[in-house]
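Chemist: Model the full assembly from the supplied sequences, consistent with the hints where possible.
Chains as they are written, first to last, in the numbering used here: chain A, 528 to 950; chain B, 21 to 189.
Since the hints were made in silico from the structure, they are not lab data. Backbone N, C-alpha and C fix where the C-beta goes; we use that ideal spot for every residue, glycine too. Warning: the hint list may mix true and false statements.
List of simulated lysine-lysine pairs, BS3-like, C-alpha gap at most 30 Å [stated by the list, open to error]: (1) A:Lys852 x B:Lys155; (2) A:Lys852 x A:Lys627; (3) A:Lys852 x B:Lys104; (4) B:Lys101 x A:Lys803; (5) A:Lys771 x A:Lys852.
Selected chain A positions facing chain B (in silico; Cβ < 7 Å) [to be verified]: (6) Leu563; (7) Thr597; (8) Gly722; (9) Leu888.
So the chains spell out like this:
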Amino acid sequence: MSISVSEPLTEPLTWPAEGVARVPYRVFSDPDIYALEQERIFRGPVWHFLCLEIDIPKHGDVRTTWLGDTPIIVTRDHDGKIHAMINRCAHKGALVCLKKSANVESLRCVYHAWNYGLDGKLKNVAFRKGIQGKGGMPDDFDISKHRLEPLRLEIFSGLIFGTFSSETEPLRSFLGDRMTQFLSRNLGRPLKTLGVHSQIIHNNWKLYAENVRDSYHATLLHTFYTTFKVNRLDMDGGIILSDKKWHHISYTKRATLKPAQEYNEAKVHSAQYESKLAGPALLAAWDEFDDGITHSIQSVFPTLVVQFTLNSLAVRFFVPRGVDKTELFWVFLGYERDDAEQTRMRIMQGNLTGAAGLVSLEDGCINEFVQRGTRTSPQRAAFVEMGGREAVSNESSRATEAAVRGFWHGYRNIMGFETESTR
Amino acid sequence: MSATPLKAEATTVIDPEIHLRIEDFLTCYAHVLDDGTIDEWPGFFAEDAIYQITTRENCEAGYPIGVLYCEGRGMITDRVKALKTANIFEGHTYCHILGRPSVRQERLGVVAVRSNFSVFRTMEDGKAELFATGKYLDRIDLRDEQPRFLERRVILDSRRIDVLLVLPL
Chain A
528 MSISVSEPLT EPLTWPAEGV ARVPYRVFSD PDIYALEQER IFRGPVWHFL CLEIDIPKHG
588 DVRTTWLGDT PIIVTRDHDG KIHAMINRCA HKGALVCLKK SANVESLRCV YHAWNYGLDG
648 KLKNVAFRKG IQGKGGMPDD FDISKHRLEP LRLEIFSGLI FGTFSSETEP LRSFLGDRMT
708 QFLSRNLGRP LKTLGVHSQI IHNNWKLYAE NVRDSYHATL LHTFYTTFKV NRLDMDGGII
768 LSDKKWHHIS YTKRATLKPA QEYNEAKVHS AQYESKLAGP ALLAAWDEFD DGITHSIQSV
828 FPTLVVQFTL NSLAVRFFVP RGVDKTELFW VFLGYERDDA EQTRMRIMQG NLTGAAGLVS
888 LEDGCINEFV QRGTRTSPQR AAFVEMGGRE AVSNESSRAT EAAVRGFWHG YRNIMGFETE
948 STR
Chain B
21 MSATPLKAEA TTVIDPEIHL RIEDFLTCYA HVLDDGTIDE WPGFFAEDAI YQITTRENCE
81 AGYPIGVLYC EGRGMITDRV KALKTANIFE GHTYCHILGR PSVRQERLGV VAVRSNFSVF
141 RTMEDGKAEL FATGKYLDRI DLRDEQPRFL ERRVILDSRR IDVLLVLPL
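Modeler: The structure is reproduced here in structure tokens:
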């Protein structure tokens, strides 16, 4: 999908000739680019994760969320049907729902008491006929012409996606076969929420999108992974890119560890100390699937991640909060079918990720270090050539930045940022 | 996991000397964290103690996973080892401001204590900011000379953690 639009940036952005093997620092700190992303990506022909089906299990349940900067309401109506709409009254534009979660008969704006059904249709307007025959709306006021602005919505494996664009392709083809298969593997059975929190990271949202696709850094920065042999690049694993390269899966098979000298030779700080846990219950795990995969990270462009670290299943999604600020949401999950012991293991392994995660807390600051390092040099570019210069799957090694290049492939495509040579 | 009471009501009159002993213990804990003598931190807990950091939102929803969960002093010690030798983060210090605890006798020698706190964090660049507010829900064993936490649940008011949480609260 290539969108040709006139260059809206006051100062046009020309992508370096090396293509996806370079990333101009400017994309992380330019407010004009941030604004353009809201239009082309967040309001453009892309599916965006809104919330989980289990966030609104009962008729009348309401959940507020965001699609980019736009506040969103997701509802389950009294017939059980799910709807998504902008959280903005059709009258003056005030937020209609203020709480994260609620169970209601209808949606009521507190400002002038305009009342909407759970499908977003306007049901009645306070004082429509005025008071004692005086005032009121004009005679030609048509209640059916005012409503909460709806989003298109599709659901896959308990994930609710929304889009503003009528041109967005069907969700299944947006995801592609490999991605839907793996989402089904991880989420395709009744889920239950085990815990939630969020993390404010002081960096552009795309630095986190890169970070979760970066299998090169995972075992270098996150010492705990390596030391306790949860995930190392000398275990079998690979990177799968979706057909259009926008999404990815990174997977590891823990049982296949063949200790590589490179970890010691590179003086990788993450392999510098050998240690046993004083509380080994942290890493007690069982094989949930028979495919040997014990660790996986799956991204769905632009802002969704599904994590399966040992038995720790979590959905992460991130919301841009300005050009240099992002809120990262963690939703820890289990299955309805889990027994007490399995739930206990997921709780223990919950320590691995999240804002205080033993293998993930570094990501709270590392992207900020890039933000701080790059913001004064918008004309410079990052060098992204680990594992080659192309964005292609690699099922034999994760010592590659292939999925990072895949993200930039998708990003450039939808933003219309062309390279020097093609201009 | 046992349900967490959100309040420790002061139902019986506690001997002022016991109250003072508890206040000293809680103050000492905070100062150890604020002064960076993190190696002393596990010593505040009983062998099979629970230490948890979670949020008001998780508590109210009955969700068992919060931000951090340790069961037993082994896991508590592992956190210290991880932050000293494994985890990468920008250096920072805390300043705990504690509220006066309310104390309830649970059984002979064991008290349930609730106290409010705020923690200011000073980062490498010199900036000091409010990092966390919330309450401690504790069960403290007073039977030995050295009091010890049987349970310390840190309930954050906010669901949001700024940057990361690596030093305990």
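Chemist: Confirm or reject each hint.
Modeler: Hints, one by one, checked against the model:
1. A:Lys852 x B:Lys155: holds (28 Å)
2. A:Lys852 x A:Lys627: holds (21 Å)
3. A:Lys852 x B:Lys104: Judged against 30 Å, a Cα distance of about 28 Å means the pair holds.
4. B:Lys101 x A:Lys803: holds (10 Å)
5. A:Lys771 x A:Lys852: holds (28 Å)
6. Leu563: violated (27 Å)
7. Thr597: violated (20 Å)
8. Gly722: OK, holds: A:Gly722 within 7 Å of chain B, min 3 Å.
9. Leu888: Where the cut-off is 7 Å and the nearest Cβ of chain B is about 4 Å from A:Leu888, the hint holds.
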